[in-house]
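S.K.: Sequences are here, hints too, so could you generate the full structure?
Note that the protein sequences, when read in sequence, are chains A and B. Quick note on this note's numbering: the first sequence kicks off at 54 and runs consecutively. Quick note on this note's numbering: the second sequence kicks off at 9 and runs consecutively.
Derived from the structure by calculation, the hints contain no laboratory data. Since the structure is predicted, the reported quantities are computational estimates derived from the model, not experimental observations. Ideal Cβ placement from N, Cα and C applies to all residues, glycine included. Hints are not guaranteed to be accurate.
What the hints assert, rightly or not - A few chain B positions that, by computed beta-carbon distances, are all more than 10 Å from chain A:
{"#": "1", "residue": "Q10"}
{"#": "2", "residue": "L19"}
{"#": "3", "residue": "G49"}
{"#": "4", "residue": "Q81"}
What the hints assert, rightly or not - Derived lysine to any residue pairs resembling SDA-like cross-links, with alpha carbons at most 20 Å apart:
{"#": "5", "chain 1": "A", "residue 1": "K108", "chain 2": "B", "residue 2": "N107"}
{"#": "6", "chain 1": "A", "residue 1": "K56", "chain 2": "B", "residue 2": "P109"}
{"#": "7", "chain 1": "A", "residue 1": "K56", "chain 2": "A", "residue 2": "R95"}
{"#": "8", "chain 1": "A", "residue 1": "K56", "chain 2": "B", "residue 2": "L54"}
{"#": "9", "chain 1": "B", "residue 1": "K88", "chain 2": "B", "residue 2": "R50"}
{"#": "10", "chain 1": "A", "residue 1": "K156", "chain 2": "B", "residue 2": "K88"}
{"#": "11", "chain 1": "A", "residue 1": "K116", "chain 2": "B", "residue 2": "G49"}
{"#": "12", "chain 1": "A", "residue 1": "K124", "chain 2": "A", "residue 2": "N106"}
{"#": "13", "chain 1": "A", "residue 1": "K116", "chain 2": "B", "residue 2": "S108"}
{"#": "14", "chain 1": "A", "residue 1": "K156", "chain 2": "A", "residue 2": "R95"}
{"#": "15", "chain 1": "A", "residue 1": "K56", "chain 2": "B", "residue 2": "S66"}
{"#": "16", "chain 1": "A", "residue 1": "K156", "chain 2": "B", "residue 2": "A48"}
{"#": "17", "chain 1": "A", "residue 1": "K156", "chain 2": "B", "residue 2": "F96"}
{"#": "18", "chain 1": "B", "residue 1": "K88", "chain 2": "B", "residue 2": "N71"}
{"#": "19", "chain 1": "A", "residue 1": "K156", "chain 2": "B", "residue 2": "S94"}
{"#": "20", "chain 1": "A", "residue 1": "K116", "chain 2": "A", "residue 2": "T150"}
{"#": "21", "chain 1": "A", "residue 1": "K56", "chain 2": "B", "residue 2": "G49"}
{"#": "22", "chain 1": "A", "residue 1": "K116", "chain 2": "A", "residue 2": "T140"}
{"#": "23", "chain 1": "A", "residue 1": "K116", "chain 2": "B", "residue 2": "P109"}
{"#": "24", "chain 1": "A", "residue 1": "K110", "chain 2": "A", "residue 2": "R90"}
{"#": "25", "chain 1": "A", "residue 1": "K156", "chain 2": "B", "residue 2": "R117"}
{"#": "26", "chain 1": "A", "residue 1": "K56", "chain 2": "B", "residue 2": "R50"}
{"#": "27", "chain 1": "A", "residue 1": "K112", "chain 2": "A", "residue 2": "T140"}
{"#": "28", "chain 1": "A", "residue 1": "K56", "chain 2": "B", "residue 2": "S94"}
{"#": "29", "chain 1": "A", "residue 1": "K156", "chain 2": "B", "residue 2": "G49"}
{"#": "30", "chain 1": "A", "residue 1": "K110", "chain 2": "B", "residue 2": "Y106"}
{"#": "31", "chain 1": "A", "residue 1": "K70", "chain 2": "A", "residue 2": "A164"}
{"#": "32", "chain 1": "A", "residue 1": "K116", "chain 2": "A", "residue 2": "N60"}
{"#": "33", "chain 1": "A", "residue 1": "K112", "chain 2": "A", "residue 2": "L123"}
{"#": "34", "chain 1": "A", "residue 1": "K156", "chain 2": "A", "residue 2": "E58"}
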Amino acid sequence: SQKIEQNSEALNIQEGKTATLTCNYTNYSPAYLQWYRQDPGRGPVFLLLIRENEKEKRKERLKVTFDTTLKQSLFHITASQPADSATYLCAGNSGNTPLVFGKGTRLSVIA
Amino acid sequence: SQTIHQWPATLVQPVGSPLSLECTVEGTSNPNLYWYRQAAGRGLQLLFYSVGIGQISSEVPQNLSASRPQDRQFILSSKKLLLSDSGFYLCAWRDGIYNSPLHFGNGTRLTVT
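M.R.: In structure tokens, the structure reads:
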């Protein structure tokens, strides 16, 4: 079955450093990947989308890459801040099929 | 602008009781609507989605059902809750444009006792 895997359940980093979160997909080839942020007790909020023919996408301190050879997307937060602490979800699909989500990575930025 | 409302925010129900969770979207028409459940350590599980009034697709067979009586209203129901139905239920919408993102409500925390 189609799977999106975020291999780190939790990640702790020091404030000011770059956080890098990994998303791998198996058994299918998503046409695009999306990244969401989820705070405790809240619904996920969309951050970025990257298409399979795009290598990299940036938005302010966020950067996403899409490597179809490695079947992997990397999500970077530069100059991380304690306010960036949250769970980050990767999701992908092809066409208009429903998104398949990973389990998420809980990021803690320590001051 | 578009908004999504989901209620109630929390719910405690005994085993065997019925369930009705409601979700409405404002500011858009003919949205694609979704119900997800999020259990600890299991990620987001798609339960149902709908691309139009009366059109429901079920992803996971279980004792839950969904209905879409109006264009921007999506209801999740159960006739008899099980302990395993406990979780965080999220409603979401997206427009029908290819690769458009999902917009989530703030969820309902359901505890079945």
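S.K.: Would you list, in rising numerical order, the hints stated earlier that this structure does not obey?
M.R.: Result: hints 3, 7, 9, 10, 11, 20, 28, 33 break, sorted rising.
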